[in-house]
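Undergrad: Sequence:
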Amino acid sequence: MIQIEHLNKTYVSRQGETHIALTDINLTIEDGSVFGIIGQSGAGKSTLVRCLNLLERPTSGSIIINGRDITSLSEKELREFRSSVSMVFQNFSLLQQRTVLRNVMFPLELRHADKKEAEKRARELLELVGLADKCDKYPSQLSGGQQQRVAIARALVNNPSIMLCDEATSALDSMTTHSILKLLKDINEKMGVTIVLITHSLAVAELICDNVVVIDEGKIVEERKISLQTRKATLPVSCWRRGCNRGILADVLRPVWGASGAGNLGHHCYELGFHGACLRNRYSPRRILGA
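Numbering-wise (the working numbering), the sequence shown opens with residue 11 and increments by one.
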């Protein structure tokens, strides 16, 4: 279980200017769940997820994982802890001079694992993500979706209990996004890995997450459990923008802006939910989430 208690993060520039990135964050993430954190660019979601493995050290507050406050770990303890928390990035972060197989093996090489065992483990994971036939290819020879599958396989190589996905599908088209989300859900169900998914799109979170929070200006402004019925349905949202007084299907549930057939309503609907002025005004995230 991950428990975040009264977490704050403040940056101070060289000029002495203060920027508050996170304010009094309190969250509980259950073991084996898929937890979504949604927000617009600059809302603080990536800072929050990077605090979970202390790539960003919080200014104050506690992060308790399996009963241990990781903010109090020594450097040696922190290195050991990080082997149980993997991360998948938006830009894949693959080593271009290494083959697919050697990219997946890389974390085990850093730990001086037996070469034969490392290769066996890497091949098993590449089969899991559907790339068993790409072992000898280089990243430049793969599509974006295939590169992200390699990154996911690499993230699993140390048998982590937690996987942090920071905008892992943002650089992919909608069809590839759905295939990657299905893969993540399969990994969650088969391996019991807790997944924390950072995204700007409710569509992405709604498809696989058990719980979702909305973050705006460094604060949690809404939390919602996603039911099976919600996951299967398209949520109706009433749009009251620019004099439009009629119900529409929320294209906020699609990972594109201004989806085909929706014109600008899809974009406006996205703005309703997650652009700061609307969050602070009459359009609350609760309404967008269908509560």
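One should not assume that every hint holds.
As the list claims (entries may be wrong) - Here are the simulated lysine-lysine pairs, DSS-like style, with alpha carbons at most 27 Å apart: (1) K229 with K130; (2) K192 with K144; (3) K125 with K86; (4) K200 with K235; (5) K200 with K126; (6) K126 with K147.
Source of the hints: derived by calculation from the structure; they are not laboratory data.
Undergrad: Confirm or reject each hint.
TA: Consistency of the hints with the structure:
1. K229 with K130: Outside the cut-off at roughly 44 Å; violated.
2. K192 with K144: holds, 20 Å
3. K125 with K86: With a Cα-Cα distance of about 24 Å, the restraint between K125 and K86 holds, given a limit of 27 Å.
4. K200 with K235: Roughly 22 Å between the alpha carbons, so the hint for K200 and K235 holds.
5. K200 with K126: holds, 25 Å
6. K126 with K147: holds, 19 Å
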